[in-house]
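Single-letter residue listing:
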Amino acid sequence: GLLLVKIEKMLPATRHSLAEFSLLTLLFYIFTLFLYFLFCPVLHNLLDKLLNVKQASDMPAVQKSRHRIDPDAIPSPIQVIEDDRAKCTEPFNTGVRGQVPPLVTTNFQAKDQGNASPRFVRCTAYNVPCTADMAKQSQVPLAAVIKPLATLPPDETPPYLVDHGEAGPVRCNRCKAYMCPYMQFIEGGRRFQCGFCSCVTEVPPHYFQHLDHTGKRVDCYDRPELSLGSYEFVATVDYCKNNKIPQPPAFIFLIDVSYNAVKSGMVNIVCQELKTLLDYLPRENPEMDSVVRVGFVTYNKVLHFYNVKASLAQPQMLVVSDVSDMFVPLLDGFLVNVNESRLVIESLLDQIPEMFADTRETETVFGPVIQAGLEALKAADCSGKLFVFHTSLPIAEAPGKLKNREDKKLVGTDKEKSLFQPQVGFYNTLAKECVAQGCCVDLFLFPNQYVDVATLGVVPVSTGGSIYKYTYFQAQSDTERFLNDLRRDIQKLVGFDAVMRVRTSTGIRATDFFGSFFMSNTTDVELAGLDCDKAITVEFKHDDKLSEETGALMQCAVLYTSCSGQRRLRVHNMAVNCCSQLADLYRNCETDTIINFFSKYAFRGLLNNPTKAVRDTLINQCAQILACYRKNCASPSSAGQLILPECMKLLPVYLNCVLKSDVLMPGADVSLDDRAYLRQLISGMDVTESHIFFYPRLLPLTKLESGSLPMAVRDSEERLSKGGVYLLETGLHLFLWVGASVQQELLLNIFGTQSFSQIDPSLTSLPVLDNPFSQRLRDIIESFRAQRSRYMKLMVVKQEDKAELIFRHFLVEDKSVSGGASYVDFLCHMHKEIRQLLS
Amino acid sequence: MATYQEFIQQNEDRDGVRFSWNLWPSSRLEATRLVVPVSCLFTPLKERPDLPPVQYEPVLCSRANCKAVLNPLCQVDFRAKIWACNFCFQRNPFPPSYAGISEVNQPAELMPQFSTIEYIVQRGPTPPLIFLYVVDTCLEEEDLQALKESLQMSLSLLPPNALVGLITFGRMVQVHELSCEGIAKSYVFRGTKDLSSKQIQEMLGLTKAAASGQQGVFVFITRFLQPVHRVDMNLTDLLGELQRDPWPVPQGKRPLRSTGVALSVAVGLLEGTFPNTGARVMLFIGGPPTQGPGMVVGDELKTPIRSWHDIQKDNARHLKKATKYYEAMANRSAVNGHCIDIYACALDQTGLLEMKCLSNLTGGHIVMGDSFNTSLFKQTFQRVFSKDYNGDFRMAFGGVLEVKTSREVKVCGTIGPLSFTGIHHNAQWKVCGINPSTTLALYFEVVNQHNAPVPQGGRGVIQFVTQYQHSNTQRRIRVTTIARNWADAQSQIQHIESSFDQEASAVLMARLGVFRAESEEGPDVLRWLDRQLIRLCQKFGQFNKDDPTSFKLSESLSLYPQFMFHLRRSPFLQVFNNSPDESSYYRHHFVRQDLTQSLIMIQPILYSYSFHGPPEPVLLDSSSILPDRILLMDTFFQLVIYHGETIAQWRKAGYQEMAEYENFKQLLLAPLDDAQEILQTRFPMPRYIDTEHGGSQARFLLSKVNPSQTHNNLYAWGQVLRGAPILTDDVSLQVFMDHLKKLAVSSSA
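Residue numbers (full-length UniProt numbering), protein chains in the order written: chain G, 1 to 839; chain C, 1 to 749.
Isolated chain G, as found in the complex:
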């Protein structure tokens, strides 16, 4: 066989003709044979055995043969990223329908000209096939990743707030779509036709305006809802629960005070930090005090509520031991305004660590803790957020009690999926109740052993909350990470009691949703809480034909209660082109978004399917996508040639990263909790986060210039120079890799030490040295951290040190210890799959 990799690139000038050029024409007959052997399904097991037995002797042979492919000749993520950066010189205008935005790795300014900014919405394809058949043939998923409350960079304007008065936002009579640039005003402006369902609706008198000669309303550019892709409406009382203006939300802190929690120092740290942190509760107007009220609960086997009413000299503790039937023991004085009750709260936070310093209680409950918070919010008739600081598997007798079910033997079997499913149904029911009340749960875990994240995470995930996990938490080394996460989590912009609805033009329909939320019907995404970091991936399917003229429209409306207690509607509109030619589809899609969709799709699939089946499905779909391209779009060439569309040339490498992630292909040292944690984490990620998670950023640090970052290198050991220092960022971790024969100057500049051996591998922050290099490096690290929603702890990895194993795990182009294929191997495998499909 002959393997040829060919990338098809669209040239802007020749939109319909393809310029093909082969990047690689290498001959490696033996190697292909070997690969065939390797991936042949029938012989797969046999090979495994062979490998197990004769690994030592086989491995060098494989390595040798691999050298036959020049890795530089296969598509390079770094090249693609750099090309996109170079290409992007002007702000990205959203006004042009069907235009692919710059990559997530590119710094650009977005200008809202009628479609939502890519910071809010990214699509897998910006040219949607006109028919279902076409879509099915291509297998390219049609999806959008929506981050409704995304924080915008300072140079971009946040969505304007529109008030349509007492009658509420103007909407289409039939499909209830909100007023947007796609509404066509007719009859001199007296009526408008809905761009989604084509229904004609009377313009309410107070909203009437004349049209100009082009048929546009005269006030078009004065009104955000007529000219912009994203804006907010003030919701009227009709949009509120029980037709009542909502109360301001509340934050409730529920702190585990069992033996482990106290001993690890967590209780002390949380209490200390809250004293200052309470001044940074979210607010819309930075000048004003936050209206968010706070409440405090501590717990082990029983719950302790605190009365921190301003009029009290001392806080009062109310113990509820009836955990089987949770209730809130007090109404007045539990949720308080921070400023009014400051002294009492401080006194409480000072006393909590003291009170439980000598505790011997090791058992904890969990279900009743959430119930307690929920009941408190119910009693106060408001929405809000619970911050639960928890340490251990809840084995005490109470609803939601769990048992240790970690069984490594199940990994790899058909029963593996059960490990991702919640152990008991209790938490699903509880989550439902939480969502109904608008009670979002953020869970901070400090486990020393298995805590069953799969089960404990049900409520946070279903309520739009977050899970943070600090395994083997040690005050000394983990405080910074925990506190930064906590600070950000408390301060970040968040909406409550939200409902998201995605409306589309006729012919296409939102069919599936991925993320941290709850759905009680097929259309409404219910989010007890929705913060600026949470993204929801929506999959679309055809239910009719689309037309090329009108394109496909999408309107995502999120009704939520802001942190000041105002009920609002955030609307994001997105229009994409429709195409009747498959080539257009392939030319206008975004691989990073596709990968985001695939990873979420696959990780959810784990709940119901064996892991292997999930991986196979992924490989199969990608092979079909590429095969379809080859068959329908590429110019004829020899069968041995692998031809990839320009927009998807990184699909194989990124897909491989998904396949070999800890979730889908765990190494022996990856715990079940870690996998469940990652699985849930990814479900809420936007494209930027998922991109760096699957393909980490590796920066060589030999030379640092101010203003620009050094060009990243590919995630492969081959790219590491023994004499260099590299920074690797995964979105969750930061590694500083130091080569064994690192230049002394670098050592001095970074660590202030003379020799490699003097580097302390337990460093979690770099020494503050007075030299431009150190300064710049620390700045870079800080800026990286600032970009991510979670604080990344820095690990210093010395070459050939034990810790290097962890680091190498993130060199995703290489073969992984757990059996994941290298980029080259996987590319060959994809090629084979495609060929099989074509023949």
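Read the hints as simulated data drawn from the structure, not as lab findings. Don't take every hint at face value.
Output of the computed footprint for chain C on chain G, the stretches with three or more beta carbons under 8 Å from beta carbons of chain C [claimed, not checked]:
1) 312-318
2) 328-340
3) 348-355
The list that follows gives simulated cross-link-like pairs (lysine-lysine, DSSO-like), each with its CA atoms no further than 27 Å apart [as the list claims (entries may be wrong)]:
4) Lys198/C to Lys401/G
5) Lys193/C to Lys432/G
6) Lys378/G to Lys185/C
7) Lys253/C to Lys244/G
8) Lys241/G to Lys253/C
9) Lys253/C to Lys301/G
10) Lys275/G to Lys185/C
11) Lys378/G to Lys81/C
Since the structure is predicted, the reported quantities are computational estimates derived from the model, not experimental observations. Yeah, the Cβ is synthetic: ideal placement off N, Cα and C, and Gly gets one too.
Start from chain G and add chain C according to the hints.
Chain C only, in chain G's frame:
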């Protein structure tokens, strides 16, 4: 020989016992023919300043199922140092410590004047007294404030080493930890959930400590029940900070009051920590339980709390369930020797009907008032902590009464604030809370057969053994042994008749009537009472058949029908015009007071004050109501001062202010002083009513007096009437007596 009057008085003074018959008919048949059963009123802890307790333990009969206490009626062989038990005739050797006894050197318990004697048990630990406050916080601000002050005041009255605890409740139930510094801690229970004692103890964290025995007890002390002297300040502050139940009460609703669960937690707490120790649960409520187990009425204000009418129509939804709940609780509490007081202050009913058993079975108090902010409550509550001549509290705990009888008689029942714990060879009852005036009614049955007459001169003997914890924490045993002669009812019926104690009998029959009224319909009880009266009159009256005018009763029975007449009209048997709560309250007090107080309750006392002479008791009759008189009526529950028409006018005119009418001022003051005297001693404080002719409150007097003159017979005799006619259809005593005579002499009856 002394008269029976003197004999009865002497016996009452010495032993606190009054029998219906002081000569006993010698057979069962004859006994039943006497109508009024052989029975007695017994005041176990009657105050005896002249009786110092002895510092040793009683000598018991060695027979396992007898265990009677050595007493003056025993035959003693001083030479052989042997005594014969007068109940089972077992011959018992004296214990070694009695080696020195002889005819001239007798221990106290053998002397006739020590027919009642008190022993101090020296063995074993003396656990402290426990006072557990259970406080309703669903009160009006003013009421709560007053209650808080009363409670704070009471802390200073408690013995310093007593343990004290605090439970508050409203929608939730809070058990306050009293030991902690800094943060005030409390355990909270949901007010709607019925928890078992075990669950409560687990939730309070009491189970672990229990395993560690003696040390565990200490742990309890330091958490929920603390010595007063240690937490005095803390608790005073805690009470001071006590707020009204913060949960909002929507319009048209009652506050949610979890009385049932609060009590269950209180009982469970004591049960788990101090079983069989003297403890007093003091429940303060300002309204009915409205949720959870023991709920009496729903929280909807539009559904009123059950009335007698509802109960008769079987329309009281929660009545049976709630009663059952509180009964179970009372029994648990009684088993552990803890008594429960109820202080209910509200204008409406508070559910005393359902909850009464809590106090009735455990010997606790019930106090009913309109508000905690009244002197009635405040002074009554203060009087709970009154002290006797020794400076000891007039309360005792964990009483166990055992009654031993000679073989011809058997106890068949008691009525009083006690609970039956089963017959174990002898009858035995628990009286968890007991005070010097607590008086029990005991009913006996003569078991001797008709054809086996008692030997002449034989006596029936009864021994009352009361073990209790004195308020100074000592365990004590008081033993009263009495004997009465047997008489042959056929030959000695006159003797028996003259031994009749009509006062005691009236009270004893009244208690039976009240007891029946708890379970039977009102009219049935009255019919039963009438029948008993008629039968008694037939038995002892002297008359010619069918000639009512010939009917005569001997002196020893002469007042009895009049007592019955007033009893029939009393709130103990009549529910008309009383709420179920009030009836329960009146009955509660009736079945525990001593003879004198009971008689006042049956037939109120009326004193007259006028210029015609010194104050004097007058007939409880409408004819006593005269314009130039001031009347003072004591019904036990009420003190009514009634100014006659003329007096009232004078008072209005202000004559008492003028120096020349000093004597009028004195006249006005005289009943006040007398009333004050009664107010000082009575528990609970009576309601004090100052009224005058035509005043609305005068109804209290008018409803009690015998309506000898009504609108029906006003002009019947065409004579000028003294006194005030009463607008009523009730029969007067005269009519009642006429009917009685007619029925008694009727040959067909």
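Hints versus structure:
no.	hint	verdict
1	312-318	holds (count 6)
2	328-340	holds (count 5)
3	348-355	holds (count 3)
4	Lys198/C to Lys401/G	holds (21 Å)
5	Lys193/C to Lys432/G	holds (25 Å)
6	Lys378/G to Lys185/C	holds (24 Å)
7	Lys253/C to Lys244/G	holds (23 Å)
8	Lys241/G to Lys253/C	holds (25 Å)
9	Lys253/C to Lys301/G	violated (36 Å)
10	Lys275/G to Lys185/C	holds (22 Å)
11	Lys378/G to Lys81/C	violated (80 Å)
Figure legend: structure checked against the earlier numbered hints; hints not met, in rising order: 9, 11.
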